[in-house]
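Asks: Listed below are the residues making up each chain.
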Amino acid sequence: MNDMRILERDVDANAIKIAAKGVQVYYGDTHAIKDVDVDIQDKTVTAFIGPSGCGKSTFLRCLNRMNDTIDVARVEGDIRIDGEDIYDKAVDPVQLRAKVGMVFQKPNPFPKSIFDNVAYGPRIHGLAKNKSDLDDIVERALRRAAIWNEVKDRLAAPGTGLSGGQQQRLCIARAVATEPEVLLMDEPCSALDPIATAQVEELIDELRQNYSVVIVTHSMQQAARVSQKTAFFHLGNLVEYGETGQIFTNPEDPRTESYITGRIG
Amino acid sequence: MALSLTGYVVLAVLVLTIAAFFAAKSKAKSTANGDVRLLHSLPNYYGYNAAMFTAVPALGIMLIWLLAQPMMIENSVFKLIPERIVEEGSSRGLVMSDVRRVAEGLDIAVAQGAITDTEADNIRSEARDIRALLGEVGVALGSDVEPEVLFAAQEYRTLSSVGAFWMAVVVLGVAFIGAAVSIVVSKADFRARNTVERGALALLILAASLAIMTTVGIVLSMLFESINFFRLHSWTDFFFGGSWAPNFRGDSDLSILPLLWGTLYISVIALLVAVPIGLFAAIYLSEYAGPKVRSAAKPLLEILAGIPTIVYGLFALLTVGPALVSIFGRGDQGLLGVEWMSGATAVLTAGLVMGIMLIPFVSSLSDDIINAVPQAMRDGSFGLGATQSETIRQVVLPAALPGIVGAVLLAASRAIGETMIVVLGAGAIAKFSLNPLEAMTTITTRIVSQLTGDTDFASPETLVAFALGLTLFVLTLGLNVLALYIVRKYREQYE
Amino acid sequence: MTDATTPSSVPAMTPLSGKGSLLVQDARTRKRNAAEKRFKAYGVVAISIGMLMLIILVFNIISRGTGAFQQTFVTLEVPLLAEKLDKKGNRDPNDLRKVSTFGYAPLLRTAFEDKIAQNGIETELSPKAMAGILSAGAPAQLRDFVLADPSMIGTTQQFEFLASSRVDGYLKGRVSRDSIANDKNISAEQLDFVDKLIEGGSIEKRFNLAFIIGADSSDARPEAAGMGVSMIGSFFMMLVVLALALPIGVAASIYLEEFAPKNWLTDIIEVNISNLAAVPSIVFGILGLAVFINYMHLPTSAPLVGGLVLTLMTLPTIIISTRASLKAVPPSIRDAALGVGASKMQSVFHHVLPLAAPGILTGTIIGLAQALGETAPLLLIGMVGFIASNPPDSIASGLLDPNSAMPAQIYEWAKRADPAFYERAWGGIIILLVFLITMNTIAVILRRRFERRW
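Protein chains in written order, with full-length UniProt numbering: chain A, 1 to 265; chain B, 1 to 495; chain C, 1 to 454.
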């Protein structure tokens, strides 16, 4: 059933949320991202696909300046969110990351209670006026992440005690709780089993209603299932970017076709 | 004289060992008619095998003999000493050390030719002034020699030389038998290498178990003397008494509590200095500092850990102490114009300097522990828009907390057991006081002062040091075991 | 769907459109960034305090200790009068020996009287007070000279005497006319006299080799105290530690790392070793006192006993580092040796051990450096509290005769409560640190040179 979605996808032209132009990333001497231009739309799921080491995760981490935490990484070019250059000197990466949330490859709940995990973001950003407000935010986030029913009775239990799929949804809840405008997901399902993967994919589709979601995946099926737009990266280059249906059914670039048909990667 | 005999025996065993090595090697070769390939093992292994069987049992027996003989001789000699002398001379140990000293003096007198060997065995204190005689050969005695003590000393000499003679016979005999047997079995098909390797393995095991033997030695040596102490002094006073006032005429107050108070007070000050500084230094080095700063600052900090404690002791006594006095003391001439501190030695002096010493200890342990927190935790927090300090305070430190607690406990155990800084910087007055500017004393300082100088291993004032040592050992061991357990559990969590 | 919740039942979490521009920091972010700066500053402060302490310590040691390497000498022509030294005139060594150092003291007074007469120095000091600026050891120095060569009697010879510690302190700025107000050992007039002699070039401060190679002296003559004999004591202790701790430590590590089965016994040994490494050093001193001295009757104050105690202390360090270097040798090396038919023992001794040797050596040097600076256990086995005056004349005497060790000698000087001895203690620390720095540098170089990445 999921495969059918490619065809019935609504491809309405949403406003552009993130505009990247001429992005270069260097890790020390390695040129990891070469001159990438891409526009990411609001309320859309955009998938980055490509073989391992093609730079898709690196590019994703440019969008909320997570590369700042790596000493040797250097980013050039122009990335704008809502028209504002996020690499501008005046921009505080802390404020940026509150706006652009991120979910990581491996579930990484903090060694705290489930409640504290989700409440962490709202607390540091001062989103809750009082305790009951915070309770509401946590409950809403956990509901959005479709994990509320599973954990509502043990909010004080440590987040590390959950199963892998639950942990990842907890991390999504944690990211959602900060009320970001963009949600970056770096292979969110790679450490999960198929059932958990299905849960998370379902969730991503729902999140699209409110957020611009960018997901990096090495699974083409997953990209096909959840995304409306797809970007194919290869050796640090953005090879092709377009409607997901288009990319998977009728790619323009021979490299994209080779990858999709399993000849490279 | 006994020592020289021992020396000759060792020498003889070694010569025999070397001879056995070559004999067995050539024997093995000859059984193979000179064709080394026919041997089970390389020729040298036959040699090693013979050497091993010659030296190891013989020297082992010798070692045990040397350890056991003094005890057995003392037991039999002690029976010769009448109760009267023991009571006057206050204890068995003291009398026995007199006996040994007289025996030693007689040995020296014989060696120097002042008397003959037979004379030494037969003189009586009625006939000759033994004290003067021994004084002439350079052995000074504290009092005149009682006839019983002299007799015991002569018996001691006799038993020692008889013991030494039999030891030589037995040891050399064992060495000969070992050599002979191992040479005889050195034939081509003898599995020399396997035997040698089993022997080598046994030696390795022996070396590894030395660690346990050391611990057992520590515990036993302190336990025995502590038991002796508790026979002479009530244990309730030691553990629950309120004052420490050793008095070498006897009837002392020997309670550990005032010492423990001083020890803990100084340790707490040291930790108050070392933990925040060390922890923040570790946080800065592991989370903020670039590779350049890190590679320069870390070894520099660790130099502080490599400086011997005597240096810190001198630093406390001659630099920090006087500096503190010039701030808190000297009345109107002082910096604060107060007269709170009278001497350089004080709890604060020792605590501050010990804190400096512990900074690198805390920082390098915490650094390791903070680095063990997975990067994914930090990424998760940064990804939510947390600042670095929020990430550290709310994610990294809580995750590293058990490990840091372990590090602090290890540092505490260091502080409690530290000796030189407190010996030089803390003072010698045992008391309960909250004033950090006063001199106080610690367990380790008292151990040093009770065990140095002229000590009498029969008085509770000396023996108390062993009870203090045992308490110190148990205390630090407990802290260490707990800390190592916590740290190990912590590491497993992230592996 | 595993979750019963449907999107419609979830209150929408609309992104806050009024969140404001990224280019403008809101008040909360500013506050958080200020907190961030403060927190980072704490770290900088902590590091700076550590560095500052190191600098203060090093500065302190150098500024107070370098003085010990210089000493004040008084040059004096002393007439070796025959009527005082050899009344019988027969130069018989036995008769000469009967003249004690008291007999030589008048010669020094005469020498000073000659000196002021020659140089025209005016002073109200008695000849005895003039001679008081010399070390108390000066007559003994004269006597030794005469006994070594009786033919010198009757001549006038030029001598260089150590100045007394107060005069030495005066030249080094430690002693001033104010500080000696209550000092019975020296008077302001004597200092005036010293000033005049300095002008005349008879008193000067020079490098003092005797401090490095000489022996300790009695309480009254700090100017003559040296580190040399205690250095020899330390050397013999290190010899014992090296001879015992290295083979035993390596053997124990080989067993634990290569042969030991995983069972409770090995576990106990391992826990034991890591705990032994953290046992206070003073406890090892108690062990040494109880076992080596009280039970085995080994000689008190002997470097052999010190070495044994330090061996037990150093073993855990050596075992821990040796095991780390054995662990670093990849299993493939062992497999390769076993594969060509070597026994397990052969594979370890022929292949693994040589490859691990640099690491073992580094660990051993670091362990030795630790042992070299250790003081507390030495106090209990009697390596302080006496004057280490005679250098040993053989290996046996080096091991068995009472001696001191460098840190124990420093402690001994620190206890004597005389600023002149304090200076020597700081100087001793410089010597000790030079040894430690050399050893650690060698260890670092070895590690860099032979470090192998598999």
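Just so you know, the hints here were simulated from the structure itself, not pulled from any lab data.
Quick caveat: nothing in here was measured; it's all calculated off a predicted structure.
Please note that the accuracy of each hint is not assured.
Below, a list of computed lysine to aspartate or glutamate pairs in the DMTMM-like style, where the Cα atoms sit at most 25 Å apart [to be verified]:
1) C:K98 with B:E136
2) C:K128 with C:D26
3) B:K292 with A:D71
Asks: Broken hints, numbered, in rising order?
Replies: 2
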